[in-house]
Amino acid sequence: MAPAPASPEQRARELGLEIPDYNDPPYGGRYGQIKAFHRTGNLVMLSGITPEDRDGTRTHPGRLGDDLTIEQGYEAARKAAVNTLGMIRLALGSLDEVAGLARVLCFIVATPDFDKYHEVGNGFTELFLDVFGPEAGIAGRADVGVMGLSNRNCLELWVTLESRTAPDAE
Amino acid sequence: MAPAPASPEQRARELGLEIPDYNDPPYGGRYGQIKAFHRTGNLVMLSGITPEDRDGTRTHPGRLGDDLTIEQGYEAARKAAVNTLGMIRLALGSLDEVAGLARVLCFIVATPDFDKYHEVGNGFTELFLDVFGPEAGIAGRADVGVMGLSNRNCLELWVTLESRTAPDAE
Amino acid sequence: MAPAPASPEQRARELGLEIPDYNDPPYGGRYGQIKAFHRTGNLVMLSGITPEDRDGTRTHPGRLGDDLTIEQGYEAARKAAVNTLGMIRLALGSLDEVAGLARVLCFIVATPDFDKYHEVGNGFTELFLDVFGPEAGIAGRADVGVMGLSNRNCLELWVTLESRTAPDAE
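Protein chains in written order, with our numbering: chain A, 21 to 190; chain B, 21 to 190; chain C, 21 to 190.
Hints listed in this document are in silico derivations from the structure and should not be mistaken for laboratory results. Take the hints with a grain of salt, since some may be wrong.
[As the list claims (entries may be wrong)] The list that follows gives simulated cross-link-like pairs (lysine-lysine, DSSO-like), each with its CA atoms no further than 30 Å apart: (1) C:Lys136 with B:Lys136; (2) A:Lys136 with B:Lys136; (3) A:Lys136 with C:Lys136.
All chains, please: the whole structure from these sequences, using the hints.
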């Protein structure tokens, strides 16, 4: 008999991911007047997520095509994806409560000549595939090259997902 | 006994906000082939909102970091937030029908060196806090620096919120 | 007695639109780790859609205000709108299952001086009006000028719509 597939929480542990805890210190403590997420029915809409450490230090400042290589952009997207896992835990209590990713907009700061946005955004998608598998871990996506982001962040994610249960039903 | 907290409509009156009436003249009259909002269930998705007078005059054309200061950008975001109140009244009949803001994308036109997008977007958030309070007035947010917007607008909002009731239940 | 109005599928046929079939070859075959759409309740969220042929050839690479005229941008938006029809068929089986468009973000690559984004985005809206009529075919919209998109695409759509039925009810 084949072993039962690992749950997303199990896979996150096996991957050794350092998922930030946005309960302690509370997310709101640093971001002030921005909330982390909104739930209505089974829909979960996360606030913008950047590649940064839990204390707010930007890990990948700069622009693709200039300060940052594609590989560094990929790592930035993966870092922001790991932070997304922390946001999901904050919203739902556990990664195992995710029914499926819906969509992600990936805003990427770059020079006018850069055009490998897709290779940067894959850093998000491949982390989510590792954790949630191909059923729940694949999202619709658009990778959009932009002029800039706050504090010279190179990337920001705008993630929408579906939860297994609605708040009212819990 | 403490007085009952003011409703959003009361607070908007107390603040003396000049909220545009998109019923008269009708929103569709100027914007032609764009609709103001879409409702499905308790979800309310507003069309893009810019800082402009009711007659369509852009109040803050230009780019942050060049034509416009951060203070002017903040005022532009606040102006667009006041217009958002008019859009909410058009969609729901009253500000008091808002259960809570969900998310807002704030697209801001800027020069390559600008990086204070967050301070611009706060103009939206602080107006909504004044009107709806910390429970319903805080949204998830991302402030995204872009190349340009129609007619040299400096800013455009993309707002999603939740209503107290669904259209079918009304 | 007036004839019954044509259904969206009938109108699409009458217009002679070449709507791509994303079932054959499957959408996932080319786009790998991106899914075409997500449905939850009556909400349908499509992945990013660009102006390209079914084999992935970009039909309108470049930047508005430089490589491309407004007319070419309009055609690019119309091309992406036709591709959107294919995505809707993939998601819902038929265009006749659309209750209404909700919103569309139209990301457009342009030079710093360009400011006619609205005239480009109209290429999307006018195709949808032709197919779905003014009731279901008008969306909320924002046209956003950006730095770049993958593979030098000039435009990408981010479309949200409402279906007549929810997956559970089918």
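Open item on the list: Can you confirm whether the C-alpha distance between Lys136 (chain A) and Lys136 (chain B) stays at or below 30 Å?
Closed with: Holds: Lys136 (chain A) and Lys136 (chain B) sit about 26 Å apart, inside 30 Å.
Open item on the list: So if I understand the rule, the pair passes when the alpha-carbon distance is 30 Å or less; does Lys136 (chain C) with Lys136 (chain B) pass?
Closed with: The given pair, whose Cα atoms are some 26 Å apart, holds under the 30 Å limit.
Open item on the list: Please verify whether Lys136 (chain A) and Lys136 (chain C) have alpha carbons no more than 30 Å apart.
Closed with: Within the cut-off at roughly 26 Å; holds.
Of the hints listed earlier, there is not a single one the structure fails to meet.
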